[in-house]
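Each chain, letter by letter, is given below.
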Amino acid sequence: MSVAVRTADPVALSTATPVIEARGLTKSFGETHAVRGVDLVVERGHVFGALGPNGSGKSTTVRMLLGLVKPDAGDVRLFGESLSGHAPRLLRRVGAVVETPAFVPYLSGRDNLRMFEMYAPGPGEAGIQAALERVNLTEAAHRRFKTYSLGMKQRLGIACAILNNPELIILDEPTNGLDPQGTREVRSLIPRLAAEGRTVVLCSHLLHEVEQVCDSVAIFQRGEIVATGRTKDLISAGSQLEIRVSDVALAESVLAESKWASVLSRRDGSIFLDRIDAEAADVNRLLAEHGLYASVIRPVRHSLEEVFFELTGEASSNA
Amino acid sequence: MLDALRAEVFKTTHRRMTYILVGVLCLLVLTFYVILWLRLRAGPEPGVNGQLNYLAQLEGMSFREVVPYGLQLERFFLTLICVVFTATMMGNEYDWRTVGVVVARGVKRWHFMAAKLIVSVGFALVALTLGFAVALICSAWFSHLYTLPFGTFSAARFFDVFASLGRTTYVVLPFIFMALLFSTFWRSAGQAVGFSLGFFFLEGVFTGLLQNASGWLSHVPEALLNANALGVMKANGLLSQTAQDRGPFAAALGGVPVWRGFTILLLYIVLFAGVAFWRFQRRDIQE
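Going line by line, the protein sequences match chains A and B.
This note's numbering applies: residue 1 is where the first sequence begins, and numbers increase by one.
This note's numbering applies: residue 1 is where the second sequence begins, and numbers increase by one.
The shape of chain B in the complex, shown without the other chains:
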């Protein structure tokens, strides 16, 4: 297993796409903060709601709120790049036909796949941390610029930061496992990326539509990935009441409890991983 892991790390660290994806994530976080800053520079919209939204956005950009706000922002982009990373990592093995070479060298199939999953999760953690570092710098700069609160620097806050990074990685895991499943199923990087991202975006569209429906249909999103991911993300940091009710993510923070979100995502992870491993273990390698 360690041998397969070493080989995967070697391939990943020698792959230009790894660095491009991390760079894109950092750039997107930076761009988003800059866009919000430009919006704040334009001043509040007229009326009480406009003022409250302005204050919520201002608070969201503060260093004190960087954990819930920055990670919530990063989650979306991280999911995208992790799906691309995992789907291409596995799918390319089929496209290049290297999967057969590895298996024919006596590498256990589940070692091969498990190594890819471990590297994918490691990539998600590293990318998340670097993206979060960008968010930290941006929020620190804006806090300095607008004299916004930095918050306390206690051990509890540090712990909360690490726990929040863990939670954010966790909510991305189902999408990583889904990308792995699709790449194993379709045996192609392109199709795996397409289906995974398609699922990610279409689920968001359906969730939006179903939330406006009545009766049992309105509860369907609670069994899907995004609503439960947002449920888990609610536990990130001590978001102020103002920022929870307003701001860009106010509508997205649904009513799914953290524990239920965690459990349902775990079920998805187990399901996707189980099917992917079963499929890869049994399927002929003809390419």
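Pulled out of the complex, with its shape left as it was, chain A reads as follows:
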């Protein structure tokens, strides 16, 4: 498979003021270059996926977006305003769970939400109850946080993130530790949050999760974004048209003279044309004009997983 995805110009995705706009973010920890020149634009109302293996720079980027880590270079703008100097005011409009949810262990789930609500006053008891109901944690709300399972901690983290009715929600590995039912609930919750007009940033190393819920995505690799754009565009960029004919050499020479010459490849007795599966009829007509009749002509669609591994150069067995 040959996937030739180019880093899309994120600005071109929207003309409206982006919710997140990061330019040239760079961060090193000693000799380790955690993030290198990351440009990121997230549009309002989108579910944006930050995809990448562990140590690829996703979490450090998120921490820079949340003002927890100061970038060595670059700038972060939230809701059109620079984060530096305005962080407390801008971050009141953001809800986040960074890596595993962190709470005070001796407080109950409800008291933890009360405590965080005191730091940044919002909807009060009614809002706390609503957030607990939304993540299906009402019955365990009186129990101490330290007695929670990992899945319950994740759900409390999400409840805390949505507590103050934020415009932007950043969830870092939100399904980590959840059982299949909990995972399904969270995945169904994310599009609902977006449907309410919120922007959601989902950091995950689970490719199918990002593919399922995100409408745009950035793929991180070794501190850099290797590709970004709409999820469907990235997937279609990896799609091909497979053609089988009796005289492969002749068909190849015909196509090499056509407008598809640049996306032509030959493998295992078949001819592949990258990213033109919508033009199957035109290809078929051209071949027929030269007396070549295809026994098979079909689109081969790839998953985000295949695109990811093609871009990052990693073996899928590592996933």
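Simulated from the structure, these hints should not be mistaken for lab results.
Treat the hints with care, since some could be wrong.
Claimed, not checked - Within a straight-line C-alpha distance of at most 30 Å, the following computed BS3-like cross-link-like pairs (lysine-lysine) qualify:
#1 K232(A) with K259(A)
#2 K70(A) with K108(B)
#3 K108(B) with K146(A)
Unchecked claim - Quick list of the computed label-pair ranges, beta carbon to beta carbon:
#4 R89(A) with L217(B): 52 to 62 Å
#5 P88(A) with V24(B): 31 to 41 Å
#6 W278(B) with P88(A): 15 to 25 Å
#7 G55(A) with Q191(B): 22 to 32 Å
#8 H142(A) with G190(B): 25 to 35 Å
#9 M17(B) with A73(A): 37 to 47 Å
#10 K70(A) with L271(B): 16 to 26 Å
Stated by the list, open to error - Residues from chain A that face chain B, not an exhaustive set, calculated with beta carbons under 7 Å:
#11 P88
#12 R92
#13 A102
Note that the Cβ used here is the ideal one computed from N, Cα and C, for glycine as well.
Put chain B on the given structure of chain A with help from the hints.
Same frame as chain A, but now just chain B:
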């Protein structure tokens, strides 16, 4: 700022350790008074000095001397529990990784830290007052038991009690700020408690050693925390001449004037607070 303060008070009042530490302080004060009582029951040691020491100890346990004696006794224990309280309050935020959650919610870093300091000082005042109440009860009981003087009950004495409580809290402040600094520096409750208490005890050891040295070395303790704290504590109450020269704290009451002790402790407070706030404000939160 008030929001952060409310949240800190909520956390502190819901924390079992808060009540355990106050309980430990009260128990230690009570235990110390009981030990002194048991010692007095054994009678004076032979000789004139033994008799004078016995009288000084007896007077120190009286209700009249509860302010200088009880607060001096309490200062040591209060410093220990305040160091543990402050270091764990800040250090645990790193251990539990809640510091990142708070900052990511738009809470100003200096609000977060200032709220912790205010609660720590408030805790010191409350713990000191409760411990002092135990000392009051013990000394009143011993005064009744041995027919010791209760002293006068005037407005001036009441004022002196409050001023003495303020002074005792003040001399504990550098240690509270130091615990905050160490917890910010090490980002761990355990290490912050260890370093703060280590500093507290080692300083006492070095002070003892250096006081026996000659020349400029013997003056080094005057620039450290404990000697200046004791200098400030000298202003607490109207300690009788007998009790000042003898008794369990006679050797500890050094020659540092009150004003100098106050000033040097203030410098330490400003230094520790400045570095702690600067460090917390600038440092990345990665946990």
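Give me the numbers of the hints this structure contradicts, sorted from smallest to largest.
-> Hints that this structure does not satisfy do not exist here, as all of them hold.
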